[in-house]
Amino acid sequence: MSETAEEGLLRANEAFYDAFDQRDIEAMDELWAHHTPVACVHPGWPPLFGREDVMESWRELLLGDGSPRVRCDRPHAVLLGAAGFVTCLEHLENGTLVATNTFCLEDGVWQLVHHHAGPLEVDDDEPDASRLN
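According to the numbering used here, the stretch in the sequence shown is residues 1 to 133, in order.
No wet-lab data here; the hints were simulated from the structure. Treat each hint with caution, since some may be false.
Stated by the list, open to error - Between beta-carbon pairs, the in silico distance windows are:
id, residue 1, residue 2, range
1, L79, G50, 23 to 29 angstroms
2, D29, E93, 20 to 26 angstroms
3, A5, A39, 36 to 42 angstroms
4, E93, E56, 31 to 37 angstroms
5, S2, E93, 28 to 34 angstroms
6, D65, A5, 36 to 42 angstroms
7, S2, P119, 14 to 20 angstroms
8, N94, T4, 31 to 37 angstroms
In this text, a Cβ means the ideal position worked out from N, Cα and C, and glycines have one as well.
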């Protein structure tokens with residue numbers, strides 16, 4: 001059975017979090033677009049633009065001491081033709097972030113073009129967090 005575009009987008013998002021959690025810089029490098037402009041906003045960091053600066057930030061995060069463990073939860077994909085994004089929660093040891101990962105198709109493969117994560121104002125275990133679904 002052939003994979004739908006939405007399934008492919010969610011699979012690419014899962015691969016991003018696998019590379020992040022496993023601190024696999026080579027896998028992370030393969031996931032980011034090679035021909036399309038990229039940007040990244042890590043929590044508390046200024047925006048980064050361009051593949052060189054974005055990948056340097058991932059090398060710093062993944063290969064540095066204290067690299068965070070992260071787990072993706074509640075991914076939701078939105079397709080926009082040859083682009084799409086996934087919103088999700090990122091569970092870390094010290095809290096939960098909300099993230100958006102934007103992808104585009106390059107040679108038929110979903111590639112990351114933008115990652116943005118920031119603090120979540122509600123505890124996702126609280127009853128009013130149901131709006132996050």
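So, going through the hints one by one against the coordinates:
1. L79 <-> G50: 23 to 29 angstroms: 26 angstroms, holds
2. D29 <-> E93: 20 to 26 angstroms: 25 angstroms, holds
3. A5 <-> A39: 36 to 42 angstroms: The hint (36 to 42 angstroms, Cβ to Cβ) is violated, given that A5 and A39 are roughly 23 angstroms apart.
4. E93 <-> E56: 31 to 37 angstroms: 24 angstroms, violated
5. S2 <-> E93: 28 to 34 angstroms: 38 angstroms, violated
6. D65 <-> A5: 36 to 42 angstroms: Since D65 and A5 have Cβ atoms about 39 angstroms apart, the given range 36 to 42 angstroms holds.
7. S2 <-> P119: 14 to 20 angstroms: Once the Cβ atoms are compared, 39 angstroms apart, the range 14 to 20 angstroms for P119 and S2 is violated.
8. N94 <-> T4: 31 to 37 angstroms: 36 angstroms, holds
The structure is inconsistent with the numbered hints 3, 4, 5, 7, although it conforms to all the rest.
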